[in-house]
Structures are given as C-alpha cells and as structure tokens.
Amino acid sequence: MEKYELTCIQCPIGCPLSVTVDGQTVAVTGNTCPRGAIYGEKEVTAPTRTVTSTVPVTGGVIARVSVKTASDVAKGKVLEVMRAIRCAVVTAPVYSGDVIVTDAAGTGVDVIATKTVLRRG
Amino acid sequence: MKQHDIVIIGGGPAGLAAAVAAWDAGVRDVLILERDDSLGGILNQCIHNGFGLHTFKEELTGPEYADRFVRQVEERGIPYKLRTIVADVSPERDVLYVNSEEGAVSVRAGAVILAMGCRERPRGALGLPGFRPAGVYTAGTAQRLMNIEGCRVGKEVVILGSGDIGLIMARRMTLEGATVKLVAELMPYSGGLKRNIVQCLDDYGIPLRLSHTVTRIHGKERVEAVTIAAVDEARRPIPGTEETYTCDTLLLSCGLLPENELSKKAGVRLSRVTGGPEVDDSLETSVAGVFACGNVLHVHDLVDFVSEEAARAGRQAAAYVGGTSARQGRTVTIRAENGVRYTVPQRLNMTDEPEPVTLRFRVGDVYRDRSLVVRAGERELRRVKKRILTPGEMGELTLPAAVLAGLEAGAEIRVGLED
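As they're listed, the protein sequences go chains A and B. Counting from 0, one number per residue, gives the positions in the first sequence under numbering that gives the first Met the number 0. Counting from 0, one number per residue, gives the positions in the second sequence under numbering that gives the first Met the number 0.
Because the hints were derived from the structure by calculation, they are not lab data. Mixed in with the good hints there might be a few duds.
To be verified - Derived pair list, reagent style DSSO-like, types lysine-lysine, alpha-carbon separation capped at 27 Å:
hint, chain 1, residue 1, chain 2, residue 2
1, B, Lys-180, B, Lys-219
2, A, Lys-76, B, Lys-219
3, B, Lys-154, A, Lys-76
4, B, Lys-56, A, Lys-41
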C-alpha cells in the first residue's frame with residue numbers, strides 16, 4: 000500500500016489530499032468535492048502535463064519560437080520530451096500550429112509551434 | 000489636430016479586447032498605440048499554458064491567447080501603430096505619440112482607454128543589501144531573455160518572491176537544465192496561484208520557504224551566493240537563522256506595479272491601494288472620457304478577467320463617444336474594510352435602470368470560512384460565504400440590479416469580511 004500527499008489544484012481552496020493505492024483500489028481523502036477525488040486519483044495513477052518550451056529560429060524576426068506538446072504527455076516523460084525539444088532548430092518562417100518535433104520521445108505526441116515567427120527583413 | 004473617436008494606449012491583452020469591443024459597439028475610428036514590435040504585450044513571452052480557460056474553455060499558451068485577439072483586431076481592420084510610444088496625455092484627451100516614421104504627433108481623442116499594463120517591482124525598491132553584481136534579474140526580464148531573445152540566464156538559481164512569474168520561471172529554468180535551489184517568500188503565504196505552486200515547484204521538488212527573505216547578495220562582478228534568513232511577524236530577519244546558498248543568479252518576483260505615469264499626466268486620480276486609477280462601474284476614471292482596464296487598473300492573476308474587464312471599458316468608451324452613456328451624475332462610493340483591501344470599481348453610477356455590477360477585490364491575508372458582506376449603513380445588501388480567500392487570488396462579487404435600485408445617490412456602501 001502506498002500513500003501520497005497532494006494539494007488539489009482544481010480550485011483556489013487547495014484541499015490537502017491523501018491518496019492511498021492498494022493494488023487496484025485508489026482511495027482519496029481530504030477532498031471536499033468530487034473533482035478533488037478525480038484529480039487525486041489521476042495524479043497518482045496516470046498524471047499528465049503539457050510541456051511548453053522554445054526552439055531557436057534561424058533567420059526569424061525573433062530568436063526563439065514558442066512550442067508545446069499538442070496534447071498532454073505522461074508526467075514521467077516530461078524530461079525526455081524536453082531533451083527532444085532541445086535538439087530541434089527551425090528556419091523562419093514558422094507558423095503557429097506547425098509541427099516542430101514529430102512523436103516526441105516516443106510519446107506519440109507532436110510538439111507544435113504556438114507562435115508565428117516570420118522571416119527577418 | 001487630427002482626431003480619433005477612441006485612442007487605446009497599449010496593445011496587450013487589455014488594449015486588444017477593448018478595441019474589439021469598441022468596434023463591435025459601432026465605433027469605426029479606433030486607434031491602438033503599442034510601443035513594442037508586435038501586438039500581444041506580455042503574453043508573447045508567457046509561453047506556458049493555462050490561459051483562456053474562462054474565455055475559450057480551453058488551455059492556451061500566452062502567444063496563442065494573444066493571437067486569438069490579434070486576429071479579431073485584424074479581421075475588423077482596426078488600425079494600430081507599433082514601435083510607437085505615447086509621451087503625454089492631457090486632461091482634454093490630447094494624446095502625444097512618437098515614432099520614427101511620423102516623429103511626434105498630437106491627436107485629439109473622443110475617448111482614451113488606458114491599457115499600459117504593469118511593471119515588476121525592481122531590486123532598488125526592495126532594499127536588498129550587497130553589491131550590484133550581474134546575475135540579479137526580475138523574473139519577467141529573465142523570462143523575456145530566455146523565451147524571446149534566446150539567452151541562457153543562469154545555472155544555479157535562487158528566487159525571491161513567490162509571485163506567479165517567479166514560479167513559472169522556476170519550472171522553466173529547471174526544464175532548461177538549471178538547478179533552482181529554492182523560492183524564498185517574505186510573507187507567510189504565497190503570492191502565486193496554487194496551480195503554479197503544485198505544477199512548477201512541487202513537480203520538481205523545489206522548496207518554497209515561507210517567511211524568509213534574502214539578507215545578503217554575495218559577489219561583486221557576478222552573483223556568487225545569497226544568504227536567506229527567516230523573518231519574524233514584523234518581517235524582520237531573525238538573527239541566527241541565516242543560510243547561504245551558492246548560486247549565479249537571483250530572480251526577483253516581488254510584486255507588480257501598475258504603470259500610471261501617463262494617467263498622472265492626464266490628471267487621473269489614482270488609488271493608493273491598487274496604484275491604478277479610481278474608476279466607476281463603467282471603468283471611467285476621474286477624468287471624463289478616460290477609461291482604464293487590465294493591469295494598469297489593478298494587477299490581475301488571470302488574463303481572462305483582463306479581457307472581460309477591457310471589453311467592458313471598450314463598450315463604455317463607445318457609449319461615451321456615441322453620447323449614449325447611461326450616466327446621470329449620481330454616484331455611490333464603495334469602501335473596502337475588514338480584510339478587503341480594495342474593490343474595483345470604487346464607485347457606482349446610479350441610473351434609473353441599473354444593471355448588475357461585478358466587483359473585483361483582493362483581501363490582505365488568508366481567511367477561511369468567512370462571509371463577504373456588502374452593507375449600506377447597517378443594512379445588509381448582500382452576503383456570500385467564502386471557504387477561502389487569499390491575497391494571491393482576486394475575488395469577485397456581483398451586485399444584482401435589485402440591490403442597486405434601492406441605493407440613494409451620494410450613499411456609501413461598504414464591502415468587508417465578517418464571521
């Protein structure tokens with residue numbers, strides 16, 4: 000049996016959650032609404048995050064283009080996704096929504112541009 | 000002198016939303032003046048997600064949120080000038096702007112919307128002892144250097160202040176390979192959103208030390224270390240609690256200050272609490288025809304509320320220039336008390352057919368299980384139970400039309416916390 004202490008982030012109250020995992024059963028206590036229970040269970044069993052960063056742009060009006068994972072990735076994959084993002088370089092123009100890294104770190108999720116960076120001059 | 004119906008100072012989220020709303024209310028002569036190279040303001044460097052949950056019901060990054068509004072401005076063909084700085088605004092609403100194509104130009108505005116945003120509290124305003132080495136940045140400056148200019152800011156970092164930008168930068172620098180040793184916060188509570196504490200600090204095991212401050216910055220050419228100490232209830236460092244952390248960078252995230260130099264020139268009366276203009280429920284300042292919205296009015300946590308507030312300013316400015324403003328010169332003042340630090344607006348216009356008004360407010364401490372009570376004299380107008388109120392999260396309260404209809408012109412209503 001494993002026990003986790005979390006802070007719920009579903010609303011400003013920030014309930015302190017205790018989540019216990021016993022085999023297949025997950026029990027959440029400390030929540031004051033159903034959203035807290037759902038959050039607590041997901042954070043412990045399958046937490047996910049959107050990763051955002053920037054990638055250098057050659058020949059652009061600014062030096063970096065902002066990027067994000069097109070959807071959430073497993074929290075445990077965040078650092079690997081960051082490593083994949085750090086290897087990327089793009090050439091202007093880049094348009095918001097363009098795929099910058101395909102299938103980042105084997106997550107099946109693309110990294111896409113969140114800003115348009117036009118060519119300099 | 001050239002004339003425009005509405006001149007908007009600032010092309011960030013507030014200015015953009017105000018412009019779109021004014022246009023949609025029928026004003027076709029709107030001009031946005033923006034000093035940066037692009038529209039969008041601070042959102043351009045806020046590359047993280049979490050914007051737009053209220054407005055668009057999805058989580059966008061800052062640049063994506065800005066782009067939604069820039070597109071709306073461009074679809075309508077609303078004119079804007081970039082790299083254009085406003086040097087003066089007079090009480091008669093003459094706006095003097097300067098850029099390298101036109102030089103200095105004065106225009107007369109039917110209405111002015113102030114949307115200049117805010118600035119970070121700088122090191123000089125914090126009284127931090129030590130030399131002035133390289134490596135001390137406000138969090139937003141570091142954010143710009145990393146996300147727009149593409150600089151690496153530092154490898155070993157200490158952050159003073161737990162404002163949202165500092166928390167966001169703690170995660171950003173960690174993901175870029177830096178070690179963030181801790182976040183020290185002078186107050187016994189964080190000034191940032193809970194979501195950011197969890198996802199930017201807890202996720203990466205970065206400690207948050209409440210009731211701590213920096214007592215010394217070491218290093219003459221470059222930051223070499225900082226000393227932090229616990230503080231007592233009067234926020235004085237407690238001798239013997241000092242700890243020194245080696246680092247090459249100190250980020251400051253110690254509050255935001257509305258940027259009101261132009262407002263002062265226009266003769267706008269400012270609130271000593273918010274640092275922004277005092278406004279009525281149409282977001283009009285003490286100077287007729289001058290409106291304010293966004294962080295220049297009061298510092299917001301969420302851009303969604305900036306957009307909403309700015310749209311109201313845009314509609315009201317349109318009503319002002321169109322001569323359809325409902326104002327009749329009768330007002331009610333709002334006083335914040337008992338733990339409520341301020342409200343925006345600070346006064347209400349009485350009309351024959353009042354509409355519901357949303358008050359936004361902040362409290363001065365963390366309060367649990369209190370009631371937010373609005374009173375006129377001893378009469379209770381509205382009471383709302385609150386599970387929690389914190390200084391880091393702006394609150395809102397709606398006054399229904401029925402409540403407003405019963406108020407006398409010249410009255411004062413009070414908004415405060417009660418058990």
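Evaluation of the provided hints:
no.: 1; hint: Lys-180/B to Lys-219/B; verdict: holds, 21 Å
no.: 2; hint: Lys-76/A to Lys-219/B; verdict: violated, 40 Å
no.: 3; hint: Lys-154/B to Lys-76/A; verdict: holds, 23 Å
no.: 4; hint: Lys-56/B to Lys-41/A; verdict: holds, 21 Å
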